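Each protein sequence line maps, in turn, to chains Z, G and B. 1 is the number of the first residue of the first sequence in this note's numbering; add one for each residue after it. 1001 is the number of the first residue of the second sequence in this note's numbering; add one for each residue after it. 2001 is the number of the first residue of the third sequence in this note's numbering; add one for each residue after it.
Because the hints were derived from the structure by calculation, they are not lab data. Any given hint could be a false lead.
[What the hints assert, rightly or not] Here are the simulated lysine-lysine pairs, DSS-like style, with alpha carbons at most 30 angstroms apart:
id	chain 1	residue 1	chain 2	residue 2
1	G	Lys-1037	Z	Lys-97
2	G	Lys-1047	Z	Lys-44
3	Z	Lys-124	G	Lys-1006
4	G	Lys-1006	B	Lys-2135
5	Z	Lys-158	Z	Lys-186
6	Z	Lys-186	Z	Lys-286
7	G	Lys-1006	B	Lys-2118
Bear in mind the structure is a predicted one, so any value in this text is a computation, not a measurement.
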Amino acid sequence: MKKYSFLVLFIIIFPVVIIASGNKEINTFIEVEDTTGQIVKLEKIPERITFVGKASNIVADALYMFPEAGSRVVGVGNTNQRNGDFIEVLDPDYSNKIYLEHSVGPEQIAVTNPDLVIMKNFHKNGLGASISQLGIPVLYLNLETPESYVKDFEMLGKIFGNPRRAEELIQYYREQQDYVSMKINKVNANPDVLFIYHSTRDGVSAFNIPPESWIQTRMVTMAGGNPLWVDANPGNGWSKISLEQIAAWNPEQIYIVAYKEDVLEVVESIKQSSEWQELRALKNDKLKAFPVDFYSWDQSDSRWILGLKWLAKQIHPDLFSELNVEEMTKEFFRDLYFLTDEQYEKEIKTRLGW
Amino acid sequence: MVKREKGLLLLLLSVIVVFFIALFLGRYPETGFMNPKILFTDPLARKLVFNLRLPRLLTSLLLGMTLAGSGMVFQMIFSNPLVEPGFLGVSQGAAFGAAFAIIFLNSSIWIIQGSAAFFAISGLGLSYLIAKKVHFGGWIIRLILSGIAVSAIYSSGIGMMKYAADPMSQLPEITFWMLGGLWSITWREFWVVFPISTSAMTIIYLLRWRLNILSLEDETAFSLGISPGRFRLIFLISATIATAALISVSGIINWVGLIVPHISRRLFRSDTTLSLPAAMLLGGVFTIFCDTVARISFAGEIPLGIITSMIGAGFFIILLLNKNIKVQK
Amino acid sequence: MSGTIVELENISFSYMEENSQVLKTVSLNLNAGEIISILGPNGIGKTTLLHIILGWIEVRSGSILLKGRNAKEYSRKEMGQLIGFVPQFEHISFEYSLLEYVLLGRAPHLHSLQSPGKNDYIIALNALKKVGMDKLADRSVLHLSGGEKQLLLLARSLAQESEILLLDEPMSNLDLANKIKIIKILQSLKEEGVTIIFTSHEPEIAADLSDYMVLMGQSFSIEQGIPQDVLTSEKLSRIYSIPVNIREIDGRKIILWH
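Same shape as in the complex, but just chain Z (with noise of 0.2 angstroms):
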């Protein structure tokens, strides 16, 4: 008897459902294919962007490179990795936009009012098809690779309808590139090198490796070391090592992330601890942290140009001796995200600590 109130409740809902989810024809302005493979249709140029969701600080790194990113950009997801929110420099208008969690749910991200969301690739199966069901646009973007960014900058060329500037963008990294590349190639000796995220989990400290597959260890190879961790890591994400492996392997130079701690004195306490005093690389003073703004320069943020070079100097100094890092730092985030002296001077410089 029960029972059957339920069935009479669905036979209710259903055609009603049927009639409200019906499918509308789009004339369609824009055509983007994302590299997940599904295809955007847009009507008009987005006006009403929505970032959101894990790793919104690559995608933001990304998206504002476009000069149109601040007006049309309504929904902001949270860029923060420990150091302060890069967009807030970027967007002068960021107070008046809303703000989203990295977990939140599709209706808060509808209360955007949003003609299209942007996220990171591996939320494809989770919020973004929720997010899809409203029928509000998702793109996805990947940003893993030096070779994904250049797809990234040719789709967001179109959904910013900007096409020149994201040509400009892929030359600006394609030169950067083989600026190192170049040199790298006369190499013959790849000195080893290894590659560690401390991280510090319930008050147990860990030294992890990237995969293969990682920028991480892509940078080490491009920049003329060699990855002696690669076999370690089988896996797909960070590998915890021990410090008798890293004795085991006694890497010529040693570098060294720390996401959620401050890089800097994790170095100092690792200098100071006598187990790490044997190591060939603290003997040549050859540990060091990767430099870190608003983001360390290593991940597959928009910093990794940076990163690249600055490895490259490091493993190669002689190489490299005309390389300016401070200049070319400086250069970075003028060209590419418009920012002045004064700003440079009071946000990147003073988190660099140089």
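Take the given structure of chain Z and dock chains G and B to it, following the hints.
Only chains G and B this time, still in chain Z's reference frame:
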């Protein structure tokens, strides 16, 4: 007797009322109650309600009904008011199966369902078998202990798969299994789960009076002309399949299956003719309530499992303090 | 009704007697509409014998015939309608009303998908009336005294309306008044044609009540027959392994022990 049947009707009405209230609660256009009128003017609101909230609420209703109904089945069959599918390796098995299908079988939703059901049933079977072999303590202790052990094995299996998982796309999904949540439910998930869980629960509903007899000693049930083994199997497998179906889309949700049957028995007494449908309806209300809390309390979603644990355990403590669990040992 | 209703032909079953497996072979012919009692020392296998008749325990060899048919040919439902069983003790885990509990006895008359109907409720209430507990129909089963519980179990079997009723030591936990109550109920059941088989520790009551008696003794000895023949000083002493004397007073047999 008539009074209790009226109570059941009242319960049914509350389910419908709670359902519709929850349908219009959310964070769009603002946090709080949405005026149903805007459904006619705002297409985004329409899509939100019909494509996201409606399937989610329906699934949450199904989830509550299934977990509570299965919980009642388990408690009656094992003559033990302290078991629920989660304790006997069913939930963890389902989660393990689903995670396994996602990572290694690159899953269609049906394979995920099948894998979840398979491992859920294995979990139950293992718990039962191990309990039979243990020579320590009474039947209840043995069952709970082996259930804990089997659950732990599946949990660590899930943990191991975390290492194999892609940390960006697959891993968050696995973490979600352990905490449970309905944020990615769309019509697709609902229509897959609906036939499975509804048919299984219908079987249980139709046979519900026999559940009373199964709670007696085997020889007594036998003397009443029942094959206890056969009916037990029918009930347990139906309950397990229904639970596995839901868990594979919602992740592990604890406590609903434990506490709701208790409350139902308190209000409607133990005769499953009334207490089983009452448990199902109560479970539906409970889960819709918890899911709404999970959905709208904060800007970000809280996993449903956390809310059900909090509120469920709270109720449990109240019941314990009331000294009225009425377990005679 | 008369004629053989239960026939056990050379059935052998094993059970534990003082830490060793013992094999017993029994042949029994029990008549319909009679009251039969099974006596013997503790652990001799009386309850096992009941379980065998019920069909709950498999026998190694021999056959069991019920109403002339092989027991194996009966469906579960038919068995439920044929034989009812009142255990000596039953643990109750959940809270039912007395009526709901007695109602469970209607199971063999219902189809799997059926729930009890109005008629079943009436039969259950009548069963409660027969044991004198109909006023307690709505009370909870969890607060019954030992005697009331025994009557409850009996009521359930009455609701079952089976042709044969097996009872395992139905009077062991009861005071005098309740014992007499049960005796009267069993007698009235016999008048309705029900065959009653019960185990007992009390030869005097059993002798008084039964039409037929089965005495099970140590090491394979079985005595069976009408109480007159079976209840002798010599046979009882042998079965219980202690010396007893039988005296008759007012037509009833009294057991004297030293």
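How the hints compare with the structure:
| no. | hint | verdict |
| --- | --- | --- |
| 1 | Lys-1037(G) to Lys-97(Z) | holds (28 angstroms) |
| 2 | Lys-1047(G) to Lys-44(Z) | holds (21 angstroms) |
| 3 | Lys-124(Z) to Lys-1006(G) | violated (47 angstroms) |
| 4 | Lys-1006(G) to Lys-2135(B) | holds (24 angstroms) |
| 5 | Lys-158(Z) to Lys-186(Z) | violated (38 angstroms) |
| 6 | Lys-186(Z) to Lys-286(Z) | holds (22 angstroms) |
| 7 | Lys-1006(G) to Lys-2118(B) | holds (18 angstroms) |
Violation of the numbered hints given earlier is confined to hints 3, 5; the remaining hints are satisfied by the structure.
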